[in-house]
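S.K.: These are the residues of each chain, in order.
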Amino acid sequence: MSGLKDAGHLFRFAGLFVIAFLLFWVIRGYVVPKSFGQYGHYRGSALTDIASHPVKFAGHETCETCHTDIADTKTKGAHAHVNCEACHGALANHANDPTSVTPVKPDSAVLCARCHTASAAKPKGFPQVDPVDHSGGAPCATCHNPHSPVIGSDTGASAVTGGAK
Amino acid sequence: MNISRRHLLVLLPAAAVAWKFVEAGTPEASPNYNKSDHWWGMLIDIPKCIGCGNCVRACQTENDVPDGFFRTWVERYHRTDIHLENPEVISPDGGKEGFPAVPEGAEGEYFFVPKMCNHCSDSPCTQVCPVGATFVSPDGVVLIDQTYCLGCAYCVQACPYGCRYIHPEKKVADKCTLCYHRITKGLTTACCEACPTGARQLADLKNPKDPIHEFLKTHSVQVLKPQMATGAKAFYNGLDGSVR
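Which chain is which? The protein sequence lines are A and B, in order. Each residue of the first sequence is one higher than the one before, starting from 64 at the first, in the numbering used here. Each residue of the second sequence is one higher than the one before, starting from 78 at the first, in the numbering used here.
Derived by calculation from the structure, the hints in this document are not laboratory data. No incorrect hints appear here.
Restricting the straight-line Cα-Cα distance to at most 30 Å, the calculated cross-link-like pairs of lysine-lysine (DSS-like) are:
#1 A:Lys-119 - B:Lys-262
#2 B:Lys-112 - A:Lys-119
#3 A:Lys-119 - B:Lys-125
#4 B:Lys-247 - B:Lys-173
#5 B:Lys-262 - A:Lys-168
#6 A:Lys-139 - B:Lys-262
#7 B:Lys-294 - B:Lys-262
#8 A:Lys-119 - B:Lys-247
#9 A:Lys-97 - B:Lys-112
#10 A:Lys-97 - B:Lys-248
#11 B:Lys-125 - B:Lys-283
#12 B:Lys-112 - B:Lys-294
#13 B:Lys-294 - B:Lys-125
#14 B:Lys-248 - A:Lys-119
#15 A:Lys-168 - B:Lys-173
#16 A:Lys-119 - B:Lys-173
#17 B:Lys-247 - B:Lys-262
#18 B:Lys-247 - A:Lys-97
#19 A:Lys-139 - B:Lys-286
#20 A:Lys-187 - B:Lys-294
#21 A:Lys-187 - B:Lys-173
#22 B:Lys-294 - B:Lys-283
#23 B:Lys-173 - B:Lys-125
#24 B:Lys-125 - B:Lys-302
#25 B:Lys-125 - A:Lys-187
#26 B:Lys-302 - A:Lys-187
#27 A:Lys-119 - B:Lys-283
#28 A:Lys-119 - B:Lys-286
#29 A:Lys-139 - B:Lys-125
#30 B:Lys-262 - B:Lys-125
#31 B:Lys-125 - A:Lys-168
#32 A:Lys-97 - B:Lys-262
Source: prediction; values computed, not measured.
One chain only, chain A, in its complex shape (with noise of 0.2 Å):
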């Protein structure tokens, strides 16, 4: 025992150490997330919030299940691939509150301007027209119905009510 007579300096330093060691385990296992490392080096509930955000469109099919005239006529025409909100905007609200929160109808003159201007820089086969040659500015509803634009391909409906009967 005379050899560690002299060695009380080094046992008083390791146990700080150990103590230090301990607290730093304890305070580690309070600051670090639950899910940390659930599924690697990040916080698993993550994915969980991120999930939780609102969804603002509805999708197309949400919209289907109501207005069933206007996809049948949609589906009939040139813009059957074309989803109802690519037009209308984000409606989930609508669809969660559908008599609430009512819908403004677009204006065809702008809307339509949008993807069928021409430009040189288009696909070739996709229809373009110069908006004020073709019709001097006025909406393009006046003519097109919107959900089966092209003229005389539509199931009678009036253009004016864009399909509906």
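Starting from the structure of chain A, add chain B where the hints point.
M.R.: Chain B in isolation, oriented as in the chain A frame:
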């Protein structure tokens, strides 16, 4: 309030049981969604893109992206035979409100290229994060835990595609989530929902019935910057050699 020894003996086990539920956390939002059944990517069909900017607007609406920042944007390339390596690229306000008219009689080819996070499976951005705030999810989406992010912007520099930015109000990194809140509920992304020509299609590479597999077999599909071996999952059809 006086708590007798008897009350305490009842309360302690009750508290212990309650604590177990607190620890377990809130239940999953979509119980039918199994992360290990999916591996998400995106198909971008350049010959179909008309540069209308619908995707940019839809993304900003769906994800509250601040003005002047973009999770997705559209570029217009102008490539001439002389400047094959240095095409002229414009993207005014991310292409949100469309593009200026092509000058009359201009030579060369004009085309649109939609850009977004490539959701790389070996993503450089997640490798540099010092705190584990960004990661590739088990279903193949590169996400940011914004409560963990310090805003050091290493990842913004690391992304070879320029798809990340520091959110001006939150002061943390922000990027495309591939509409994780939508795809986990069985919906498609906001940009795909709003694209009028089908130039963007969400693809689930783990779903054998997904049309992406047939498309990859029958078309010449590329990724951006393949030399960087990022394992990018934004597949471009009809990609011109001048696109960077």
